Amino acid sequence: MADVTFTVDGKKLTAPAGTLLIDACRKAGIEIPAFCYYPGLSLQAACRMCVVRQEKVPKLQTACTTTVAEEQVFITESAEIAQARKATIELLLGNHPLDCPVCDAGGECELQDMTFKYGAGESLYAEAKRHREEQQWSPAVFYDRPRCILCYRCIRMCGEGMDVWALGVQNRGASAVIAPNGGDTLDCEQCGMCIDVCPVGALTSGSYRYKTRPWEMNHVSTVCTHCADGCKVSLGVRQSSDGSEIVRADNRDKSGINNDFLCAKGRFGFDFVESAERLSKPLIRNTDGKLEPTTWEHALRFAAGKLKGIRDTQGGAAIGVIGSNFTTNEENYLLQKFARTVLQTNNIDHERTADYASFARALAGNPSRAAGMRETLTFPAILLIGGNPTEEHPLLAWNLRTNVRLNRARLYVANDKKIKLERQAKAVLRLPANGYAALTDYLGGSDKVIPDASFREALLAEESLLVIFGQEYRGAAIEALVKWGCTRNNVRFALLGDYANSRGASDMGLLPDLLPGYVPVSQPGAFNVEYPGMPARGGKTLPEMLQAAMSGQLDALYIVGANPFAHAAVSPAALKSTFLIAQDIFLTETAALADVVFPAASLYEKTGTATNAFGDVQLVRKAADHAGVKPDFEILVRLAGAMGVDVKSLVPFGSGVTADFGQTRGAHSGEADRHAVWLAANGLEPKLSPFDPLAVLDEIERLIPTYKLDRMNLFAGNDVPVEPGFVPVSALAGTDVVTPAHNGLFTSGTMGHYSPGLKDLQRHQTSPMLTGTAAD
Amino acid sequence: MPRLVSHPDEVKIVTRRFGMGAANIDRYIELGGYEAAKKCLEQGPDWIINEMKASNLRGRGGAGFPTGLKWSFVPKQSAKPKYVLVNGDESEPGTCKDHLIFLHDPHSVIEGTIIAGLAIGAKLGFIYLRGEYRYLLEIMEKAVADAYAKGFLGKNIFGSDTEFQVITQSGAGAYEVGEESALMESLEGKRGVPRIKPPFPAVVGLYGGPTVINNAETIATVPHVIAMGGASYAAVGSERNGGTRLFGISGHVERPGVYELPMGYNLKKMIYEVAGGVRGGRKLKAVVPGGSSTPVLLPEEIENLGMDFDQVGKAGSMLGSGGVVVIDDHTCIVEFALRTISFYQHESCGWCIPCREGTDWLKKSLTRFHAGFGIEKDIDTIRYIAENMLGRTFCPLGDAAAMPTLGFVKKFRKEFEDHLNGKPCPFAKHTEVAVV
Amino acid sequence: MSNETMTIFSPKLAARFDALVQKYPARRSALVPMLLYAQDEIGYLSDAVIAEVAERIGITELDVRNVATYYSMLRFKPAGKYNVQVCTNISCMLRGAYDVFERFQDELGVGHKGVTPDGLFSLEEVECIGACCWAPAIQVNYDFHDELTPESVSGILAEYRGKAKAEGTVSHA
Ligand SMILES: Cc1cc2nc3c(=O)[nH]c(=O)nc-3n(C[C@H](O)[C@H](O)[C@H](O)COP(=O)(O)O)c2cc1C
Ligand code: SF4
Ligand code: FES
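Chains as they are written, first to last, in numbering that gives the first Met the number 0: chain A, 0 to 775; chain B, 0 to 435; chain C, 0 to 172.
Chain A on its own, in the form it takes in the complex (with noise of 0.2 Å):
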């Protein structure tokens, strides 16, 4: 639309017209304040608070659902509308309980900020007040009646936004209320999203509430550590006796590539890390045959003796490594140096959940074809294959049904099941069972096998196509269908994987053929330089080191993050002759089975950065800190250490040396913060320990041509694409091993097990107390 000025306070401003004077407002620092008023969703106009004077109109406007013309003025701030904000709050606070010193909500509360703002000191309330008891609706979502505003947003965030509908309001006028759609319980996706825009304490968490003051906690942004679509997740850590413990999460600050989507898995699944079952001290297999604890010296010297000796006796390739799809791009790269050049073996790889590599193959000598996280939220067009996002991607869903709903975009969807994000669709199109590959040809004109033309029509109608599909397309399938993609102007893809760094653990060549970016073993062209003593040949994949292992044909096996024998029933005995070692964070079924078994710190305990499926880096902040664990970097290093290796080989630490150790940062934290970024962006942060990931960043960012990273951005929490990388071979080692995860809304995979918050919700989602389908 075309641009309007008018005026607000004297200022002349402009936006397009049709613009709500309230986003206009907000644009040009003028803030309106607003309880209803909630951008992306509906609009109510309920509140009130956002009254406005418009020039030549008798009563006050809302400037909710004043839309903005030519030649208009407005007055926000007067004090007729002080008075009538004033009167408004007051109003609100007769009934309200003012338990604010107990208010989960208190220090966060937006009924308090305006309380303040607008004076409602004193109260003229003289009445009973209405009282309800409190309600728990779901294990996640506690309601306070007396408190609530009734500002609705709740039930739009889950209708509108999450397409569940969980919420109601019920009764009119005084008595009104807003209602679960289990009568009293919440059956639905136990997002947590209406917490979190509920502008007051009436929706409170179950995992959060009376645990702690907001003021009491540091405020630490991070990546969720679950799934694959990388949301960035706020962490309020408090002090606690042995470190330091997660409280909260929840994403109210909006920042980073999900804006304000956070699924249940962010938000409640981070209580794993203070799991009872959390190993933190290494273990060492005794004379008995039972896992003791042991000192970390002991541990390490232990290990690194049989390791080099293995190595030294019978080569590297008696060795096996497998890294894992949690830990950090460092760490991810640093293990497979280790690997190849410390332990001089290709046997690597990781539990792949998707064929990267493939993709990586087909896009390359095709730039810009791969599509960020944020793209599905601006195409105007996207092809959704297979998969269901709404379970195993939450955010790529909400960014789906967001742009279909707020950009209008079209959504097509083909599977071969129906999905829940058919309702956004514009079309669909039900394959045959298993019928993806015949999805290329049908795109490429054939109807062979699908009779229906006009899916096909449809799609070659749109001028530009985001093409996102999952594990369904592996190897040569992958290539066809981008191939199809390529031959076409402005056809983007993406490629969906399953875990929190999945992306980045291919990306950082955890894969027995392939050096990071792609690079193949057998040209490896700078690496020949950087990785002395490398092996020339690629090694094993995943399933035959698993394979050589239990035949007695691996003399080594070191698993990090990973749990490969979680379903395999294999007994200590088959293992007999595989020096084992399991580095996690619980002892888990695979850890069981170790002769040494180190505890690491979760992703929420360290720093370096992830990738998500969509090729989205992002900065890793450690937020909290566990007793005796340590990140998989630095036991790496040590690892290393213990086996003689100079350590400034494996990690150029101590470069960057012309820091001003901070005497020109400002007084005030923000400033403070922006110089921090600004200092590590520019390298000048001295890494002068080998434990300092960031070290190798800089070698990634070497080595690794498509790493290039806008590291200001990446430094001030922002998410920065990243392209697949390029594979110039004919064959890649293994398409065939991909192993879909297939986690849902409350499960994560080993992790999954050890969070209670996720098995309650589990628990209350499959009770027979809820037989309604309501989140469908």
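Worth flagging that the hints you see were computed from the coordinates, not collected in a lab.
Only a predicted model underlies this, so the values are computations on that prediction, with no experimental measurement involved.
Accuracy of the hints is not assured; some may be wrong.
As the list claims (entries may be wrong) - Sample of chain B residues facing chain A (criterion: CB under 7 Å; computed from the structure): (1) ASP45; (2) CYS348; (3) ARG355; (4) GLY390.
What the hints assert, rightly or not - Which residues of chain A face chain B? A partial, calculated answer using Cβ under 10 Å: (5) GLY39; (6) LEU42; (7) THR61; (8) ILE88; (9) LEU90; (10) TYR151; (11) SER174; (12) THR294; (13) HIS297.
Even glycine gets a Cβ: it sits at the ideal position worked out from N, Cα and C.
Place chains B and C with the ligands on chain A using the hints.
Relative to the frame of chain A, chains B and C with the ligands by itself:
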């Protein structure tokens, strides 16, 4: 059965067929029914709207908006179907006129609906009656069925190629649903919460289509306007206030009832002559001129007051729904104020803060006050709350609660003060109003 | 839904609903009247009624409850066979509605929203019922009685007791 009354000053236009068995379609036709609709079918929309404009007919639902003008706002071309919606939610305390129309002359409502449909180019009309009016709904349903049987409604009305259908609808108890946008929500099967305006119903209404909403009395008047000619109808009333109005006089009068009087008729005369004066020879204390939401008037304010929208507005109140509630000097105004605000507290939809919280606060304060536990400061607080609701709510219900309250405290402050210091209420026998 | 074996409504009511939902430009428009008619037959909006209405219209039960709880004529607990609704709003109040209401309380021995032990009567104080000029007025179910005095109360109750007897309604006191 509601009693019919009459008075020589009445000008019977809308009530012309009352008590004559016109609920029977043949009788209605005999009495000249459906001729206006046929005429409109011949003359076409522009003619109809011109007649309506000439009639100076103003909406009988309360706001008094000129009906012809309202109809002219509906766009001629529309991608979505257009609708006529007849508001028979009649829930404003003091108002019972539509009740009689549905009972005695249901076909006039149908005929008016057809004419409105012809004027705006709608093919479907809804007649919405409050849920309590079940027996009237049954009468309306029968009338609609009879009109279908005669071919006055359907695909080809009166044998023409014009279509017009009518659906009757029942509410289920909610005053707010009388507000036009809440009415549409209710008719769409939702909570009776009003809509954000603009867009106005004439542009985006029922099911998103342009919609004309009129009060049942307004609609029932339409065939008469057409039959008489707009100008002759206008001549009956006062300036800019065409025709007659059904005034429902209730409360402390000798002969309460619904009287059809010309617009501009003197209020004092209405009370003392038409309705027979204050009951039992008592003195007049106050009058609520147009339903419970209109500010109260004192005896001295009604001396020369002509009952039309403009004159009552100038006197600081409103003509509203035409429900005149007469209060004698043995009445406690605090109790009256409390009963009034209790109603709005009960009927507030709860959507917006000032109305939801304001009505609740006022009801609680007045309850305590009337029970003898008031303090001096309460009077100002009550006034403060009402003043701060006024003009700030999402829909006019908040104003409808605030305006009378302000009227009572301003005009009867002394009586409020008399309730202070534990003094017993001089009139009321009931110190507490039950929680409805 | 034409599967009659599933319905908790009488065939007549079920047929009425089938017709009703077809009538409107949008199915959902049938919701409010449907709830009222269902209540007329079943007595109140039980969980089963809500579930069936939701299914017939094709919306969630939550959605039905959101709407149903808005309207004051709809109830979620049984009322008496004859629900006596006394208007005490301004016009009626001025003409003695509270005296009438009190008399009903005395005669029935129940208060606002109370149900007599035999289930025959329930009593309710209601807002204006559109009979202001014939005040004070009440409704018993949907029937109006107007221009009442406290003295007319026992006659009205007797009338309905007689009606119940004639219909053979067993008193389960
Ligand atoms: C709270 C509220 C309640 C109303 N109730 C009624 C009503 O019961 N009947 C009615 O005709 N109009 C009612 N109105 C007025 C309607 O909104 C609308 O203006 C009217 O139906 C238009 O018809 P008219 O132009 O013929 O007057 C009410 C308005 C408000 C704000
Ligand atoms: S003023 Fe507000 S709460 Fe009151 S009825 Fe209107 S919208 Fe509802
Ligand atoms: S933000 Fe405008 S009314 Fe609430």
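We went through each hint and held it up to the structure:
Taken as an interface hint, ASP45 of chain B does not check out: its beta carbon lies about 31 Å from the nearest beta carbon of chain A, beyond 7 Å. Residue-level restraint check for CYS348 of chain B holds (minimum Cβ-Cβ distance to chain A is 5 Å; threshold 7 Å). A cut of 7 Å between beta carbons decides the hint on ARG355 of chain B: the least distance to chain A is about 6 Å, and the hint holds. Restraint check, GLY390 of chain B versus chain A: the minimum CB separation of about 5 Å is within 7 Å; hint holds.
Checking GLY39 of chain A against chain B by beta carbon gives a least distance of about 17 Å; that is not within 10 Å, so the hint is violated. Taking 10 Å as the C-beta cut-off, the interface hint given for LEU42 of chain A holds, the closest approach to chain B being about 6 Å. Proximity of THR61 of chain A to chain B holds as hinted, the smallest CB-CB distance being about 8 Å (cut-off 10 Å). Taking 10 Å as the C-beta cut-off, the interface hint given for ILE88 of chain A holds, the closest approach to chain B being about 9 Å.
For LEU90 of chain A, the shortest C-beta to C-beta distance to chain B is roughly 4 Å, which falls under 10 Å, so the interface hint holds. About 9 Å separates the beta-carbon of TYR151 of chain A from the nearest beta-carbon of chain B, less than 10 Å, and the hint is met. For the restraint placing SER174 of chain A at the interface with chain B, the shortest Cβ-Cβ distance is roughly 8 Å, inside the 10 Å limit, so the hint holds. Checking THR294 of chain A against chain B: minimum C-beta separation of about 63 Å lies over 10 Å; hint violated.
Interface hint status for HIS297 of chain A: violated, as the beta-carbon distance to the closest one in chain B is roughly 67 Å, over 10 Å.
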